[in-house]
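Asker: Need the complex rebuilt from these two chains, each delivered in its own frame; the hints are there to steer you.
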Amino acid sequence: MYRENILDHYKHPRNRGKIEHADSSAHDLNPLCGDEITYYLKFESGKVSEIKFEGSACAICLASASMLTEEVKDKKLEEARTYGKEALLSTVGIDPGPTRLKCALLPLKVFKLALYKHLGKKITEEDEKLV
Amino acid sequence: MLNPEKIRADFPILSRKFKGKRLAYLDNAATTQKPVQVLQAMDEFYRNHNANPHRGAYTLISEATDLYESARRNIAHFIGAKPEEVIFTRNATESLNLVAFVACQEAKPGARILLTQMEHHSNIVPWQLAAKRLRLKIRYAKMRSNGTLCMEDMPKEFEGEPFIFSFTHVSNVLGTINNAAKLIRLARKAGSLVCIDAAQSVPHMPVDVRELGCDFLAFSGHKMLGPAGIGVLYMRKELQETLPPFLGGGDMIKSVSFEESEWNSPPYKYEAGTPNVAGAVGLSAAVDYLKTAGMQKIAAHEQKLADYCRKELSHLPKIRFHGPRNGAGIVSFNIGRIHAHDVGQFADEDGIAIRTGHHCAQPLMKLLGEPATARASFYLYNTQEEADKLAASMKRAAKTLG
Chain C
0 MYRENILDHY KHPRNRGKIE HADSSAHDLN PLCGDEITYY LKFESGKVSE
50 IKFEGSACAI CLASASMLTE EVKDKKLEEA RTYGKEALLS TVGIDPGPTR
100 LKCALLPLKV FKLALYKHLG KKITEEDEKL V
Chain V
0 MLNPEKIRAD FPILSRKFKG KRLAYLDNAA TTQKPVQVLQ AMDEFYRNHN
50 ANPHRGAYTL ISEATDLYES ARRNIAHFIG AKPEEVIFTR NATESLNLVA
100 FVACQEAKPG ARILLTQMEH HSNIVPWQLA AKRLRLKIRY AKMRSNGTLC
150 MEDMPKEFEG EPFIFSFTHV SNVLGTINNA AKLIRLARKA GSLVCIDAAQ
200 SVPHMPVDVR ELGCDFLAFS GHKMLGPAGI GVLYMRKELQ ETLPPFLGGG
250 DMIKSVSFEE SEWNSPPYKY EAGTPNVAGA VGLSAAVDYL KTAGMQKIAA
300 HEQKLADYCR KELSHLPKIR FHGPRNGAGI VSFNIGRIHA HDVGQFADED
350 GIAIRTGHHC AQPLMKLLGE PATARASFYL YNTQEEADKL AASMKRAAKT
400 LG
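In order, the protein sequences belong to chains C and V. First residue of the first sequence: 0, per numbering that gives the first Met the number 0; consecutive thereafter. First residue of the second sequence: 0, per numbering that gives the first Met the number 0; consecutive thereafter.
There could be a bad hint or two in this list.
To be verified - Computed list of lysine-lysine pairs in DSS-like fashion (alpha-carbon distance at most 25 Å, straight line):
hint, chain 1, residue 1, chain 2, residue 2
1, C, K10, V, K141
2, V, K81, C, K10
3, C, K10, V, K236
4, V, K236, V, K81
5, V, K18, V, K388
6, C, K101, V, K365
7, C, K41, C, K108
8, C, K101, V, K18
9, V, K388, V, K20
10, C, K75, C, K17
Read the hints as simulated data drawn from the structure, not as lab findings.
In isolation and in its complexed conformation, chain V is listed as follows (with noise of 0.2 Å):
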C-alpha cells in the first residue's frame, strides 16, 4: 500500500494553499506535479553539470554526455527496451509525429491507415497531415457506447490490411484500459506496424514494450512526475535501421557535405539539434521516483480512488459517467445539464483542480454526445480525503445550479 502522506512531502506544490484551502490536484492526466528529487536533479545538472553532450573533448561534455546517456538507460529499463531504442523527443506529441511522419513516408497512394475512435488529437492529426500529403487513408476502429473498443468487429478492421495500426493503451478522456495484447496479436496477424500512445499508461501502470511487442511506444515525461519538454519514442531497432530520419540538423548525421548527408546510428538519427539533457536527467529521476513507489502499487492505489471517487459522486441526482467501470485512475462525468465549465468553476473555488472541456478529443466528445464533460485523475499523491472533497463540491454545484 502506498501511503500519500508520506509522498506529499516531496511535492513543495501540494503544501500550497488556494483561497485558504489545500490543493487537491486531480488533473493528473493533464500533468503532474514535481517531486523535490526531480526539481533538485535538474537544478544540479544546470549548476554543475551543464555542457552541450556528444560535441567536443572537455570535461564537462563527457559529464552532460554521461548524465543524458545514462538518463537514457534508466529510462529505457523502466519500459523494458534496449537504451538505443529510447528516443529522446519534446514529448508524446512530437514522438507520435515522429512515428507518422517516417512511418508513412515510403507508404504507397491508396495504403490505409487504422486508428480508434478514442483518440487523443495527437494521435489524429499527424496521421491526417501524413494522408493529406501521401493519400493515404484513415479508418477509425467503432468504440462502444460504454466507452470500450468494439472487439468483436476488431478482425473486420484488420480485413483492409493497414500497414500500421496507432492506438491509445489508456484513454485519456474515459479510462478505458485498451486490451494491447489482443490488439497487437490481431495487428501482427494483418502485417500491420504497431504504434502505442502510451501518455496514460506508461505514468500509471508497469508497461513493458518486450512484453507488448509494439513497434513505436510514445510517452511524456510531464505527465510522470517529470518536467515539461522532455518526451519518449520507443522505436524497435530494425525499424530505426530502416526508416527515414525526421528531423534534419545536428548530431543526427554521420557526414555531411553540399551534396548529400549520411545519418548517424540510432538513436541519435532521431535526434537533431542540441537535445533537453536537464529534462532527460529531469525524467529520470522521476523514474527514479517512481521506481521507489511501485507501479503496481500506483495502479492499485489510483483504481480504488477512482472506485471510491465514482461511488461518492454516484449519491448524486443526474449524474453521468462516461467510460468503464474497471479502468484506470480517471473518472469523466456530467452533471444533468450543468455545463461542465460551471462544475469546474465549484471545484476551484473549493482548491480542487480538475479538468473541464474536451480533453484534446473532439470526436469522441461528439460520440459521448457531450460538448464537455469534467474529469477528475488522480496520481500516488492523491488521497480519498481528496475525492471526498470532490464530492462534496459537486453537491454544492448541483444544488446551486442544478
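Bound conformation, chain C alone (with noise of 0.2 Å):
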C-alpha cells in the first residue's frame, strides 16, 4: 500500500497551500475517517492553470491530492471535467480496496466540485459515475 510514489508524494505534497484569489475553491471531508481535502483553482484560456490544496488526511488521501494536482494542471476544461477516477487510481498505482477506496477518491470529489462551481454546472448523474 505504502508504496514509494505514495510516500514521495505524501512527504513531499505537490502544490500544497492556499491560492489567495482562487477563481473557485472546494472542500469536503469524509465523516467516517475524519478525511478532509480542500481545492483551490485559477483557470487562464480555457484551462485549469493553477491548482493548491490543503488537507488533513491519511496517507493515501494526502498522496492522492498531491498527484491529482499534477494530473489536471494546465488540462482543458473539458478534459478536467471528464477525468476519472479510472485515471487517478491508475496514477496513485495501489488497490486500495473497499476500505480506503474513499480516501483515494476524496480528492477527486472535491476538485470537481470546485469545477463545476466555476462551469455553473450542476453536477450530473453522468458526471457522478466519474468520481
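Answerer: This is the structure in C-alpha cells:
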C-alpha cells in the first residue's frame, strides 16, 4: 500500500497550500475517517492554470490529492471535467481495497466540486460516475 | 491469573492466519470473538429446540421457552438483577433508545436531561431525538483534558435538577472508568433517574446493579463473547410497572381489542415480537464462559496488558495517549501527525486488528482535537506477545510515515 510514489507525494506534497484569489474552491470531508481536503483553482485561456490543495488526511488521501494536482494542471476544462477515477487510481498505482477507496477518491470529488462551481453547471448522473 | 493461551484454544477465529501471520485481535471494544461453547449452544438450539416461545402448547415451545427464560435468569444473576428486570433487546443502542423513549415520555417541556461529554453516539442521539420531540433540554457534564469527568463540577451540573442522568460506565474511546457510585449518589440527591451505558463495563469487570443502585443499565451481547443481535436492558422493577411501553406488537400485550390494549407484565411489556432466542441462549453461554474465567481476573488481565502496551508504545517518539492511565483495557493514541488510518493499515499488514477512526464519539474527538485516533482494546484471550507485536508494527509505521 505505501509504495515509494505514495510516500514521496505524502512527504513532499506538490502544490500544497492556498491560492489567495482563487477563481473557485471547494472543501469536503469523509465523515467516517475524518479526511478533509480543500482545493483552490485558477483558470486561464480555458485551462486549469493553477491548482493547490490543503488538507488533513491519511497518506493515501494526501498522496492522491497531490498527484491529482499534477494530473489536471494545464488541462483544458473539458478534459478536466471528464478526468475520472480510473485515471486517478492508475496514477496512484495501488488497489486501495473497499475500505480505503474513499480515501483515494475524496480529492477527485472535491476537485470536481470546485470545477463545477466554476462551470456553473449541475453535476449530472453521468458526471457522478466519473468520481 | 488467566491463561490466555489455553483460552485461545476455544476461539476458532484466533488460529486463522492473516498474510501468513497469526491474528492479533485488539479491537474488543468494537466487538469480541466467540468461543466454541457459544457457537455450540446456538447451534444446538436451532438444531433441536427451535420454536417461538410463549406461544402455544407443544413440547418444542416449552423447550424454547425454558431455554429463553433460563438464559434470562442466568444473565440477571450475572449482573445482580431479578430475572424480570432483564429485558432482551438487539443491543446496547436499542436499550438506550428504549430508555430515552419511555423515560422522557412524561417529561414536561423544558425538563432537563444530563449526559456527559464522553458519551458514545448511542447515548447522545436517542436523547436528542426525545428532546426534539418533547422540547426537553440536554446538558453535558464536562470532561477534563486527561479524559476524566470534572467531578468537582458535578454537584453544579445537578443544580438544574435533571429528571434523568445517563452516563457511560467506561469510555469506549478513552478507557476511563467513571466513579459510578459517586455519580449515582449525586444524581439521587437531585432526584434524578439514573441510566448507565455499560457496554464497555459489563463485559470486562464485575458489575452489580443492586450495588450500583441504578434505574437502567444497558449492554450488548456481542461485546462479551456472545452473538450480535442480542442486548440487555436492566430496568428496575417498579419503573417497569409505571413507565409506558416502547415497541408494540405480539407478546407485549395481555389483551387487545380494536379500541385499546392492555400491557403484559414486565419484562414482556418491553419485548414486542418474536424474540431472538438463539441470541439469548448464546449470550447465556457467553456469561457462563466469563464466569468460569472470573470477571475480577479478566479485569486484572486487561489492565495489565493495557499498562504494558502503553509502556512499550511510549518509547515511540511523538506518541500521544488519550485517557487516564488507570483506565480499563483500552489504549487510545496518535503518533505525531500520522493519520490514524495509516496507523491501522500498518497494523493490518502485520496481522493486527486495531480500531481507527472517531469511535462513534465525534463530540469527544472534537474535544480531544483529533480527527481520529488508533485504539487497541484487550480481552481475556489477548497476550503480552500481541502487545509486543503492536509496538513493533507501530515502530515501523512511525519510521515509514513519520
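Asker: Of the numbered hints stated earlier in the document, which are not met by this structure?
Answerer: 1, 2 and 3
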